[in-house]
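Novice: What follows is the residue order along each chain.
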Amino acid sequence: MKTFNTILAVTGASLLLSFSSLSAEECIPCHREKTPAAVRQWENSAHFKAGVGCEKCHGIDHEKMKRGEARVDMKACAPCHKKAFETHRSSRHGMGLHSGWGCTRNLANRNQKECAFCHDKDSAEPLSQVQCARFLKQSAEMAEVGCNYCHSVENSCASCHTNHNTDLKIVRDPASCAKCHMGPDHPQWEMWQTSLHGTLYGTLGLATGPTCQTCHMPSGTHDVSRGITMSSGGAAYPPEIAKPQREQMISICSQCHAPAFASRELNRGDAIQKQSLSIVKEAEKIILDLDDRNLLDPMPENRPPHPLSGNKLVLDSQLLYEDTSHIERLLFKMKKYDYARTIKGTYHQNPAYAHWYGNAELKMDLIDIKAEASRLRKAGQAQAAPVKGVGNSTETGLKVLQKKLERGAISETEYQEQKQKVLEEFLKK
Amino acid sequence: MKTFNTILAVTGASLLLSFSSLSAEECIPCHREKTPAAVRQWENSAHFKAGVGCEKCHGIDHEKMKRGEARVDMKACAPCHKKAFETHRSSRHGMGLHSGWGCTRNLANRNQKECAFCHDKDSAEPLSQVQCARFLKQSAEMAEVGCNYCHSVENSCASCHTNHNTDLKIVRDPASCAKCHMGPDHPQWEMWQTSLHGTLYGTLGLATGPTCQTCHMPSGTHDVSRGITMSSGGAAYPPEIAKPQREQMISICSQCHAPAFASRELNRGDAIQKQSLSIVKEAEKIILDLDDRNLLDPMPENRPPHPLSGNKLVLDSQLLYEDTSHIERLLFKMKKYDYARTIKGTYHQNPAYAHWYGNAELKMDLIDIKAEASRLRKAGQAQAAPVKGVGNSTETGLKVLQKKLERGAISETEYQEQKQKVLEEFLKK
Amino acid sequence: MKTFNTILAVTGASLLLSFSSLSAEECIPCHREKTPAAVRQWENSAHFKAGVGCEKCHGIDHEKMKRGEARVDMKACAPCHKKAFETHRSSRHGMGLHSGWGCTRNLANRNQKECAFCHDKDSAEPLSQVQCARFLKQSAEMAEVGCNYCHSVENSCASCHTNHNTDLKIVRDPASCAKCHMGPDHPQWEMWQTSLHGTLYGTLGLATGPTCQTCHMPSGTHDVSRGITMSSGGAAYPPEIAKPQREQMISICSQCHAPAFASRELNRGDAIQKQSLSIVKEAEKIILDLDDRNLLDPMPENRPPHPLSGNKLVLDSQLLYEDTSHIERLLFKMKKYDYARTIKGTYHQNPAYAHWYGNAELKMDLIDIKAEASRLRKAGQAQAAPVKGVGNSTETGLKVLQKKLERGAISETEYQEQKQKVLEEFLKK
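These protein sequence lines map, in sequence, to chains A, B and C.
The numbering of the first sequence is our numbering, which starts it at 8 and goes up by one.
The numbering of the second sequence is our numbering, which starts it at 8 and goes up by one.
The numbering of the third sequence is our numbering, which starts it at 8 and goes up by one.
There is no bait here: all hints are sound.
Copies of the same chain look alike in the list, so a pair counts if it works inside one copy or between any two.
For lysine-lysine, the following DSS-like pairs were computed, each having C-alpha atoms within a straight-line distance of at most 30 Å:
#1 Lys-292 with Lys-377
#2 Lys-82 with Lys-71
#3 Lys-41 with Lys-250
#4 Lys-319 with Lys-292
#5 Lys-71 with Lys-250
#6 Lys-385 with Lys-406
#7 Lys-250 with Lys-288
#8 Lys-63 with Lys-41
#9 Lys-144 with Lys-288
#10 Lys-73 with Lys-250
Calculated from the structure, these hints are not laboratory results.
Hey, can you work out the whole structure from these sequences and the hints?
Specialist: Here's what the structure looks like:
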């Protein structure tokens with residue numbers, strides 16, 4: 008390596024690309040000392056057997072590597088693993104999340120349709136919904152360990168396959184999925200593990216118990232979205248997309264189950280998705296009304312601006328869990344954790360997740376949100392009443408209408424009509 | 008199968024029972040295509056080896072099967088598995104929970120005493136305490152996946168044994184129990200898994216680490232209630248029942264431990280059960296008092312009626328987690344989750360469940376309940392004070408007494424005495 | 008055994024030590040009946056093979072054993088296992104926690120420096136910070152199962168090795184650590200299990216995936232604190248201690264990873280520790296201010312005294328989770344659970360623990376604490392305002408200064424200066 012470094016210094020970086028002869032033989036002696044596990048794993052890998060050396064993936068600019076600027080991403084794997092790359096890119100795993108990896112425009116073999124993940128046609132401006140407000144609020148360090156560790160899957164095969172191993176046992180084990188698909192927001196691994204599917208796998212192995220891969224990556228496809236009928240936030244797809252997706256999933260279930268049974272079970276999930284969503288919507292309505300009446304504590308205008316929407320109330324998928332009022336953070340738990348667990352628990356046939364960790368929490372959230380709303384309303388009345396008397400209710404009424412108009416809950420015509428009514432009411436007094 | 012269907016159509020349903028010749032040979036050709044896993048599992052089962060074909064369990068009414076009306080329950084298994092059936096029925100697993108499976112009167116080999124689970128002597132009216140108010144509040148879909156998936160154990164051997172497998176490995180693995188005995192309300196599997204018992208099993212297997220089955224199903228008995236000294240809600244049994252049950256459990260522990268050690272450990276559980284219950288009772292008393300003073304928000308009369316008790320406050324085992332006030336939902340968490348985890352964590356020798364997931368949460372619940380009570384009392388005073396002045400406290404005092412009388416907390420005599428005192432106090436002013 | 012007991016009675020306890028001939032042969036016949044598993048485990052142990060009999064660990068006073076007073080602790084193991092004993096004693100595992108095991112002064116081979124865990128030089132008075140206020144609040148039974156079950160590790164090799172087994176498989180399995188290192192306050196086992204390290208171990212075993220022991224007990228050392236740069240409460244050590252510790256950990260990581268990579272990952276943990284601590288400090292400041300203004304509900308003077316500090320507000324590592332106000336119990340969750348999970352989740356490379364179970368909860372805690380503070384302030388104003396008018400703010404201002412002085416937040420000089428300002432403000436009115 009010393010010799011190599013000397014040559015580097017002499018010839019300069021611009022000549023580096025001509026070092027096509029740089030090969031594993033030159034890297035290994037040093038790295039056997041410095042990163043022994045990496046070398047050991049590579050030597051036991053299919054890559055080693057096929058003569059794929061260090062430089063194939065890492066390139067040959069050692070200075071860049073040392074500066075941490077030569078991260079190996081999907082571009083390195085794509086030329087040899089075309090089919091996996093393409094199906095991965097077009098699946099949910101491949102979607103751009105703007106999570107610190109920036110634009111994917113430099114990817115080899117980029118599909119033009121991918122741009123639509125983040126941009127309107129012919130626009131370089133990223134769509135706000137593909138940026139993540141929660142990501143934008145993180146420190147650089149938490150963004151790396153808390154966000155990118157998982158979301159790097161969009162651009163890094165090593166997310167699942169690990170860096171130097173090629174043993175397919177790793178990616179065929181549900182534990183490989185567990186690294187990301189766990190936790191309060193989407194405990195798919197936990198709910199599979201204690202479902203009949205997971206417990207049969209634990210006891211009798213693959214012959215009897217299906218894994219994540221059995222249903223979501225049949226025949227080893229990298230299109231993990233196959234058979235999914237809703238967005239990652241749990242919004243149902245329109246029928247023209249959902250129907251063929253559902254048929255795909257039933258055909259997967261049918262390797263073991265009667266199609267009628269599979270269909271009934273999945274339909275149950277659909278019904279529960281709708282029921283759960285209506286609980287979430289009831290909560291959202293309560294919070295919107297509090298905002299209309301200036302009763303949130305603190306109001307959006309009195310707190311740090313939302314990274315995408317500024318000093319407006321944000322309750323959609325960009326809802327934050329910091330710098331909000333207490334009642335919004337209750338909604339966050341409801342939407343991100345309990346709604347997700349109810350639905351995913353049902354589709355994965357896990358009663359404790361569907362009911363206790365999901366549905367019961369969802370209903371308790373609604374109690375908590377109603378209780379907080381009642382407190383805020385009373386506190387608002389206590390403050391308002393002695394100051395402005397009867398006239399106050401007219402004033403509040405007009406402000407609420409104004410806010411409803413602004414957030415698009417009523418049309419201009421409806422606004423004018425309802426305003427008229429409030430004023431007539433006032434004149435009667 | 009086509010031929011068979013034709014015959015069915017010709018001969019009519021009333022003649023079906025004479026088709027004793029309908030056998031696996033007729034089902035398998037189609038079902039090898041339509042439900043391949045079921046066929047494969049049956050072909051590898053003890054049933055297959057013993058010549059037990061499809062019709063033995065499923066009957067011969069194929070139309071009924073297709074309509075989903077020929078569910079295989081314990082009636083199908085009982086004739087051959089008598090002892091397992093009987094011990095199961097008389098254990099906690101066999102108790103009627105009215106969870107959508109209806110009356111068990113049609114069961115073969117029904118024990119007359121079973122009726123007493125749900126009915127007073129000579130009454131067809133189900134006892135309210137064997138109906139579950141939480142079940143009655145569910146949607147049909149959540150009732151199925153969230154309740155019946157586990158509670159079907161009362162009527163379905165397949166809950167544990169699965170549908171077509173007969174491999175005893177499945178039911179001898181703690182994972183088999185995990186499917187239901189997990190989650191926030193009774194994480195027995197989780198607490199066993201990380202207890203010394205569970206970790207030794209994980210490392211050295213059955214020879215050193217006992218499983219659920221080792222202690223709760225010794226020698227393969229299906230009487231899973233053996234050695235249990237309290238109801239499933241955690242109410243201690245009277246000594247005449249508890250004492251022999253305890254002796255049974257100590258004799259099970261004694262296969263590995265000195266009886267004195269086992270006894271000491273279990274007695275510790277009893278002490279902690281009593282301590283934990285007194286925390287729960289303190290919380291209940293606070294809520295009852297708020298109800299007496301009309302301070303719950305909302306009060307029971309202003310919300311959807313309880314399915315069993317209407318517009319009354321319900322804090323017993325029928326406590327709901329929806330359509331209640333915030334403080335009642337805190338009690339729900341306390342009773343259903345934290346009380347249960349404290350006790351079960353202790354008996355299963357798991358410090359994190361006994362202390363952090365149980366006892367500490369129980370005590371934090373009490374803080375939260377006291378804080379909410381303080382808020383409700385202050386809000387009540389704020390509303391009441393400016394309106395009625397001093398007279399108000401007399402009025403409230405009389406209302407509280409009335410409510411106490413109604414819920415049986417004081418006798419008619421006590422009511423009259425205390426009413427007299429309040430009035431005398433008023434006259435003094 | 009009967010003969011033995013007779014001899015005991017005849018010769019008296021003072022002669023017992025001369026019974027060097029009491030040996031396993033005398034114990035086994037009875038105990039094969041009474042504690043069969045213990046005997047079986049011993050017979051399969053390295054102790055049995057080396058001729059180490061019952062009396063070597065248990066002594067020979069059978070009456071004392073029967074009274075439960077002959078607990079086998081580290082003194083029994085130390086003479087033969089000197090190195091393990093010494094490294095264990097000097098590690099975090101060996102620290103005195105006063106958790107019911109009392110003073111360690113009677114330990115064989117006691118290191119003089121150990122006294123400093125609990126005592127100032129030449130003082131017999133235990134330092135309050137080595138007593139645990141939470142332990143002092145427990146019932147005797149919960150103290151045993153909830154505290155000592157794990158904290159007995161300071162004095163009992165059996166905590167990890169179990170009582171009669173000597174199979175090193177037990178202590179080389181992460182499950183052995185899981186018994187204590189799990190749960191809401193420090194889920195190290197859970198976060199390892201679903202990290203890349205844990206999932207590779209689960210799939211490919213030790214050759215690819217490191218365990219707890221790989222990094223924290225390299226080469227089988229019992230010094231489990233090696234490479235740790237902060238106290239068990241998460242307070243960073245000063246650089247002169249932290250720096251060599253960090254170098255030790257990097258040298259452990261370097262068995263698999265490039266030192267630069269390991270260093271970067273660990274530095275990220277340091278940054279997140281600082282960021283997380285500042286969130287905790289913000290919350291503490293809010294609560295201290297409420298206490299200064301007498302707005303906690305209830306105030307420390309109106310509740311059962313803290314076991315170490317009496318009727319003062321305690322927010323440090325002795326913070327309780329019972330008999331406090333709601334806002335302090337929110338801080339408890341923040342510090343003990345969410346702060347710990349954020350940091351440990353980061354160092355153990357688990358995104359769900361670092362972010363969702365840790366960082367997001369920490370930020371939601373802060374929202375909840377701010378909301379509760381807002382409620383308490385409003386309730387305080389509602390009570391105070393109509394009574395005292397403008398003068399009231401001067402009075403409150405002076406009280407707050409007094410309290411700040413008392414808790415050392417301002418110096419006497421600062422107190423006098425600020426007091427002067429408040430009074431001048433009042434005179435202007």
